[in-house]
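4 protein chains.
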Amino acid sequence: MTLRIGIIGTGAIGTDHARRINRVLSGAEVTAVTDVNRDSAEACGGRGPGAQILGSAEEVIAASDAVLVCSWGTAHETQVLAAIAAGKPCFCEKPLATEAYGARRIVEAEEAMGRRLVQVGFMRRYDRGYVALKETVRTRLGPPLMIHAAHRNPSVPGRYRTPMAIHDTLIHEIDVLRWLLDDEYVSAQVIFPRATRHTHAGLRDPQIVLLETAKGVRIDVEIFVNCRYGYDIQCEVVGEEGTARLPEPTAIPTRLGAVFGQPILMDWKDRFIDSYDVELQDFLKAAAQGTAAGPSAWDGYAAAITADVCVQAQERPGAILPVTLPARPALYA
Amino acid sequence: MTLRIGIIGTGAIGTDHARRINRVLSGAEVTAVTDVNRDSAEACGGRGPGAQILGSAEEVIAASDAVLVCSWGTAHETQVLAAIAAGKPCFCEKPLATEAYGARRIVEAEEAMGRRLVQVGFMRRYDRGYVALKETVRTRLGPPLMIHAAHRNPSVPGRYRTPMAIHDTLIHEIDVLRWLLDDEYVSAQVIFPRATRHTHAGLRDPQIVLLETAKGVRIDVEIFVNCRYGYDIQCEVVGEEGTARLPEPTAIPTRLGAVFGQPILMDWKDRFIDSYDVELQDFLKAAAQGTAAGPSAWDGYAAAITADVCVQAQERPGAILPVTLPARPALYA
Amino acid sequence: MTLRIGIIGTGAIGTDHARRINRVLSGAEVTAVTDVNRDSAEACGGRGPGAQILGSAEEVIAASDAVLVCSWGTAHETQVLAAIAAGKPCFCEKPLATEAYGARRIVEAEEAMGRRLVQVGFMRRYDRGYVALKETVRTRLGPPLMIHAAHRNPSVPGRYRTPMAIHDTLIHEIDVLRWLLDDEYVSAQVIFPRATRHTHAGLRDPQIVLLETAKGVRIDVEIFVNCRYGYDIQCEVVGEEGTARLPEPTAIPTRLGAVFGQPILMDWKDRFIDSYDVELQDFLKAAAQGTAAGPSAWDGYAAAITADVCVQAQERPGAILPVTLPARPALYA
Amino acid sequence: MTLRIGIIGTGAIGTDHARRINRVLSGAEVTAVTDVNRDSAEACGGRGPGAQILGSAEEVIAASDAVLVCSWGTAHETQVLAAIAAGKPCFCEKPLATEAYGARRIVEAEEAMGRRLVQVGFMRRYDRGYVALKETVRTRLGPPLMIHAAHRNPSVPGRYRTPMAIHDTLIHEIDVLRWLLDDEYVSAQVIFPRATRHTHAGLRDPQIVLLETAKGVRIDVEIFVNCRYGYDIQCEVVGEEGTARLPEPTAIPTRLGAVFGQPILMDWKDRFIDSYDVELQDFLKAAAQGTAAGPSAWDGYAAAITADVCVQAQERPGAILPVTLPARPALYA
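Protein chains in written order, with my numbering: chain A, 165 to 497; chain B, 165 to 497; chain C, 165 to 497; chain D, 165 to 497.
Okay, chain A solo, but in the shape it has when bound (with noise of 0.2 Å):
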């Protein structure tokens, strides 16, 4: 029995999420697609032959077993408010709100229909490596005492601001080191150094993001994201037995001209294109049970609150702010 999938916004990530359903995952096939451009909903490569080119999100989930909410982010919270009161499974890109208040109300939603169909698309903890580290961090390090990250781009677009460091880019972080520790954060602190001549005056960069978790974890982030020469992404956790790092993306070593080397990825998309098949898979393993696994609408909320408490670090540099989320609801424990 193959799943109809939905899929509202076929931009990049939509079309390429219509591609990954059809062509490589198992289960499921696009049956609708919308936009709000009809062209690109045309245009939309990946979508099949079967898939119906409606003129609404509503239209879509009505049309659909489960859904992708792959719009501007703006209209995230609403489509996936709609998912959940059809009762279907919703796939949502981050962010899952604009503001940590909207993720908060699809958790009431979905706390209302007491069962999970939301999954946030934080594609890492699907990354084999980072599952890797985990499992090794359960049984071996002993308690983590903390974490050394960074999270280096190569350049970002002119209108990429100092804030966006937060949003954009830390956000995977917030989510995926709190899954990794299975912690809560309780304070942040942002300091700023010396900034790269390769940025502007709109972006301070690079920023030290530094997290408390409830555990007691110190945790430094490195936002450095006209770093030049590579999209790097580090990581690396120190517990009472020892430390364990993420692995480097596989390449080939190589001796050549006087170095002893290998290639680092340029283009962030392919350091974790493996994981957004997984992501996906589990999604829609779980949709044709009629729930969503993987991360929550609480992790999105629980990610939401911390950005905006960074956001505010950024504006009083060196001050050390409190993180506070609500009680975790029953559904999501």
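Read the hints as simulated data drawn from the structure, not as lab findings. Idealized CB from N, CA, C, for every residue including glycine. Check each hint, because a few of them may be wrong.
[To be verified] In the DSSO-like style, the derived pairs of lysine-lysine whose C-alpha atoms are separated by at most 27 Å in a straight line are:
| # | chain 1 | residue 1 | chain 2 | residue 2 |
| --- | --- | --- | --- | --- |
| 1 | B | Lys-379 | B | Lys-298 |
| 2 | B | Lys-433 | A | Lys-449 |
| 3 | D | Lys-433 | C | Lys-298 |
| 4 | D | Lys-258 | D | Lys-298 |
| 5 | A | Lys-433 | A | Lys-258 |
| 6 | A | Lys-433 | A | Lys-298 |
| 7 | D | Lys-449 | C | Lys-449 |
| 8 | C | Lys-433 | D | Lys-298 |
[To be verified] Here are a few chain D residues that sit away from chain C, every Cβ distance over 10 Å (derived from the structure):
| # | residue |
| --- | --- |
| 9 | Thr-326 |
| 10 | Ser-439 |
| 11 | Ala-457 |
[As the list claims (entries may be wrong)] Computed Cβ-Cβ distance ranges for the label pairs, DEER-style:
| # | chain 1 | residue 1 | chain 2 | residue 2 | range |
| --- | --- | --- | --- | --- | --- |
| 12 | D | Pro-307 | C | Thr-414 | 53 to 61 Å |
| 13 | C | Glu-272 | D | Ile-437 | 36 to 44 Å |
| 14 | B | Thr-414 | D | Pro-307 | 26 to 34 Å |
| 15 | A | Ala-176 | C | Lys-379 | 37 to 45 Å |
| 16 | C | Ala-249 | A | Arg-304 | 51 to 59 Å |
With chain A's structure known, arrange chains B, C and D on it following the hints.
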């Protein structure tokens, strides 16, 4: 349009391929299975609800759009020939035939049909590491001059004998290095180092096989099947401008107990596990067009001839024996 | 012309330096030694046949061309001042003085003499790895923006208390990072992660020290002195164009028992062992000219001031405290 | 008591050893030098103020406690024999003699004296990496079964011809692997891969030399003297329980320009530079006792015999030729 796949032989690998087609890959469904042991066919967990259990390979071929030959090696030749006769794309696990002569008959049958129908299960060609290595060799090393390779298993069962180091173990290097270099073998030599105490009278272990190609590339492959420490595949290509290596499998680097290290796989089944998905997806894609791609019957034949010479070379340690391949038919150009 | 060296203090390090001068290095000989414990001086194995045992530091200074101060830290200031007064080059093991104020007096005495006479035993500046790192930073990274460092010991004695993490441990990073960057500290912050269970009430372990330099470089140093797994010094410099790391100590990579790894040192004494030879040879070379080179009294003073602020910062976790250094005298420009 | 050292031959290596003895090492002084070119002797920068320039090797031997033979290879035999006749410890740069027969005469002369007086300049035995590798092999690998080695130079001068790949290049592996294994060679085979375009008619490059030892260990050494990318010495030992490799030279890992890499040395002189200090200090230590340690005349002789067989093997590619060594005299047991 879903491709109907028949599986001949429902042992471990047939069962795993059934699961793969039904639950992982896109575009196909297992619709018929058979096994000499009907209980095995019935127990085949991954075959899916829609798969009929049939009494013979012929029936499976008749009832399917394409077939997977996963039976015992001795049955391969007849079953592949039957699939070719029926004009059905056929994925055959290695060996294509138990003797080079049988592989030859398959090549001739396929030639007579005038189109490729057979893919041989040399999955390493689909391994991401080898694919990237080939690309690096092609673009950055200049003409290749040498390959230093190793194929190490922690241990082998007692029934594993000296010639199996060629037919069961080296066979993978024979195929993948030929593909990597786009070259043919012209001679082979085997030398026997001091034997490990972890072997027995029926198995010379380790062995070193020296291969020479038509272009003059020299290859040394260490085969060490009781190496104790892990399943480890090494490959270094030396070209005119530098060297490139097969990457280590992704693993978590740790610092624990006075060691900075990372785990080595112990089970060969884990080493190329991803490449099974890729090879079979490639088969499904070509089969949907009524043909086959990837490692061909000719490749299976070339590997069989080379392996036979290597076994002869085991019997005359130190002697350099010629490897002679007939002219390559146009179908495989 | 062989330089006559006097050694004040014949404990472990004094004895080792005596051996070094007499048997490893060129151009000098130990001719006089003293120790508050005369038995120790007599037992000093490496002092050589020509060394007299004298009754006081003053006599040693008088009888030598240059001296090594290897006594207890509390005696350093007086002995170094005596050497300066006598116009004799003086190598002083760290700390230069037990309080910044004492270091200040030494700086003033040296300034009054108008030439450098003191080298402080910050041996890391002579470590091949740090020297190469500094050169790489200078030539290839662009302006440095951040340093991520770690100083880990497998364990410490029970008498080691929280402030010793600064005075005995961080002191090396304080000096070597200042030298690496050619920059001065302007602020310090200490944060305490969850404590390891391998510590006790008198020692907060691990700690993270955040330092800021005049040029805006941000440094985070993890100090973890009961890390269990090894003695491990990490240093990564992030510049505008890329990053560079301190190399791992040379070790044999092995593949054994399902692990691809290399040993980590357990004893700190092995980590910078080569640099002792180099620093002392540098001292002898300058001493033969009647002066001193390498880490100066000013460097010792700057390190002492910074360490004092870090200890205050330990007492106010999270607070960012200013580090204020007087103007640098011309002698140390 | 300072050892009086005479240096015979003040070319690049003689001059460097003079500097080493006078300015780096302990316990000796250069007191006499000679060179066939008196201008060279006078220009010898490192010889020190106390060194007389004498007219012949014999005079230098007479005037010194121990001598260093750093003249042209053709003069070594006579000069070493003269030192032995005078009962003076003698460090001889490789080769000990230009023909195995000459090395034999030195062995016999030393035997007649009844004590070791000669150390041959096989400095790799003093390299920290090889020393640690030998210890790891001895303690952790179980009996060694195979060695995979490579000796690569970026380029060689035009006068470098095929046999020099043995006499000038492989000679180091011949000695150090024999020492590493504590074993003797019994056969040799040479095979020639496709030649690099960066060579010429007089030089087959690369080459692969296969050596067999008395205990059955099989060694393959790639010699590639126009490999372009760097001076690179590789050595992997495979034992019954696992493998161990020679470490890479210490280098700074960087992330720059889409590459995670570290520099490779281009100049062979930098690769084992530290080991010259260690080998000569070892010579001085033994010479102070009137004898010699380290690589012996017997080792030089064994290397010469093996090298001669390898050159014969170059002339009969593929043929396996026996290496036959006389019984080892008791002096070298």
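Cross-check of the supplied hints:
1. Lys-379(B) x Lys-298(B): 17 Å, holds
2. Lys-433(B) x Lys-449(A): 25 Å, holds
3. Lys-433(D) x Lys-298(C): Judged against 27 Å, a Cα distance of about 23 Å means the pair holds.
4. Lys-258(D) x Lys-298(D): 22 Å, holds
5. Lys-433(A) x Lys-258(A): Distance of about 15 Å is within 27 Å: holds.
6. Lys-433(A) x Lys-298(A): Given that 27 Å is the threshold and the Cα spacing comes to 23 Å, the pair holds.
7. Lys-449(D) x Lys-449(C): 24 Å, holds
8. Lys-433(C) x Lys-298(D): Distance of about 23 Å is within 27 Å: holds.
9. Thr-326: 33 Å, holds
10. Ser-439: About 13 Å separates Ser-439(D) from the closest Cβ of chain C, which puts it past 10 Å; holds.
11. Ala-457: Holds, since 16 Å exceeds 10 Å.
12. Pro-307(D) x Thr-414(C): 53 to 61 Å: 25 Å, violated
13. Glu-272(C) x Ile-437(D): 36 to 44 Å: Between Glu-272(C) and Ile-437(D), where Cβ atoms are some 42 Å apart, the hint holds.
14. Thr-414(B) x Pro-307(D): 26 to 34 Å: 32 Å, holds
15. Ala-176(A) x Lys-379(C): 37 to 45 Å: 40 Å, holds
16. Ala-249(C) x Arg-304(A): 51 to 59 Å: 57 Å, holds
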